[in-house]
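S.K.: Taking the hints into account, I'd like the entire structure generated from these sequences.
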Amino acid sequence: MWTIFFIASLERYDVKAKVYVTLKPSILDPQGKTIAQALQTMGYQTVQDVRQGKYFELDLDSGSADEARQMVAEVADRVLANPVIESYRVEVE
Amino acid sequence: MKFAIVVFPGSNCDHDAHYALTEVLGYEADFVWHKETDLHGADAVVLPGGFSYGDYLRSGAIARFSPVMASVADFAAAGQPVLGVCNGFQVLLEAGLLPGGMRRNRDLKFICQYVHLRVEQTDTLFTRNARVGQVLRIPIAHGEGNYYAPPDAMARLEANRQVIFRYTAPDGALDDAWNINGSTAAIAGICNEARNVVGLMPHPERACERVVGSTDGRVILESVVTALTGEGALA
Chain A
-12 MWTIFFIASL ERYDVKAKVY VTLKPSILDP QGKTIAQALQ TMGYQTVQDV RQGKYFELDL
48 DSGSADEARQ MVAEVADRVL ANPVIESYRV EVE
Chain B
2 MKFAIVVFPG SNCDHDAHYA LTEVLGYEAD FVWHKETDLH GADAVVLPGG FSYGDYLRSG
62 AIARFSPVMA SVADFAAAGQ PVLGVCNGFQ VLLEAGLLPG GMRRNRDLKF ICQYVHLRVE
122 QTDTLFTRNA RVGQVLRIPI AHGEGNYYAP PDAMARLEAN RQVIFRYTAP DGALDDAWNI
182 NGSTAAIAGI CNEARNVVGL MPHPERACER VVGSTDGRVI LESVVTALTG EGALA
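Chain order of the listed sequences is A and B.
Here the first sequence stands for residues -12 to 80, where the numbers follow this note's numbering.
Here the second sequence stands for residues 2 to 236, where the numbers follow this note's numbering.
Derived by calculation from the structure, the hints in this document are not laboratory data.
Treat the hints with caution; some may be incorrect.
Claimed, not checked - Straight-line distance between alpha carbons at most 16 angstroms, and here's what the computed EDC-like set of lysine to aspartate or glutamate pairs gives:
no., chain 1, residue 1, chain 2, residue 2
1, A, Lys3, A, Glu54
2, B, Lys3, B, Glu223
3, A, Lys20, B, Asp108
4, B, Lys3, B, Glu24
5, B, Lys3, B, Glu29
6, A, Lys41, B, Asp56
Stated by the list, open to error - To give an idea of the interface, some chain B residues facing chain A are shown, with a C-beta separation under 8 angstroms as derived from the structure:
no., residue
7, Arg59
8, Ala62
9, Glu95
10, Gly102
11, Arg104
12, Arg107
13, Leu109
14, Lys110
15, Tyr149
16, Ala174
17, Ala178
Source: prediction; values computed, not measured.
Don't be surprised by glycine CBs; every beta carbon is placed ideally from N, CA and C.
M.R.: This is the structure in structure tokens:
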């Protein structure tokens, strides 16, 4: 029983993590605004606003989804996003 | 007086800085490759303009993890002078050596032209030879120079008098029409609390000779020499 548990704990999983980075709501997004204006000019009058962001996919070899989520959040905070102007969202599957 | 000019992959104003500091102003300057951790015994460090790592991810975001940056951080923490110009300023922001961040320019354009900067503070290592209110005519060349700091950080910057250059009209008047990239409070350059680390978007090294249109950049580069050696001190 103990042996089985030990082997299980060493198991690794292929995990795909997705990170979405966008400017914080309080930060003006001139690119998004320009896109929104263009869409309105094209006749898409229902478009109220556009926020442009960045999207990252990370392929990981991880012990668990939780472990992956924690590590990716750290990476997003340290590197992928600049917390001064950007916020991020992490998804793990 | 010796400068270290850090060279990242994609730096492109490193030679401008070297030329201005050595050929024009007559100081010593060494290039320091970003993989090095030794600053060649320099008295001051310059992080030059350019497009380090192709501006991938965000301007300066990858360069801040270069091995040399740990040495630059130690150098700065020891109170020694560090100047970040344009991309060098962006690297200092990403590294947390200066507060705030950069957004795309307000009109989304890469802007390459002369601007007018008003000197706000002269008790820093890079402005001590200037006068408060002096207007410098120095070129910019950037697409991401729209400075931002959250309200609490802005309040600290103003309270500590860390805003040292603002974009103004030629006569030094603050006017949103002359805030070339839309920066918060028209900020063109700031210093850290200890006043030895300075970052600015305009390029003083490109304004050191009359033949290129302006010599107003000299006062910034010469100030640090005066601060360290007394050379060229104002009476």
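S.K.: State for each hint whether it applies.
M.R.: Hints, verified against the model:
no.	hint	in the structure
1	Lys3/A - Glu54/A	12 angstroms, holds
2	Lys3/B - Glu223/B	12 angstroms, holds
3	Lys20/A - Asp108/B	11 angstroms, holds
4	Lys3/B - Glu24/B	13 angstroms, holds
5	Lys3/B - Glu29/B	5 angstroms, holds
6	Lys41/A - Asp56/B	14 angstroms, holds
7	Arg59	6 angstroms, holds
8	Ala62	7 angstroms, holds
9	Glu95	7 angstroms, holds
10	Gly102	4 angstroms, holds
11	Arg104	6 angstroms, holds
12	Arg107	6 angstroms, holds
13	Leu109	5 angstroms, holds
14	Lys110	10 angstroms, violated
15	Tyr149	6 angstroms, holds
16	Ala174	24 angstroms, violated
17	Ala178	17 angstroms, violated
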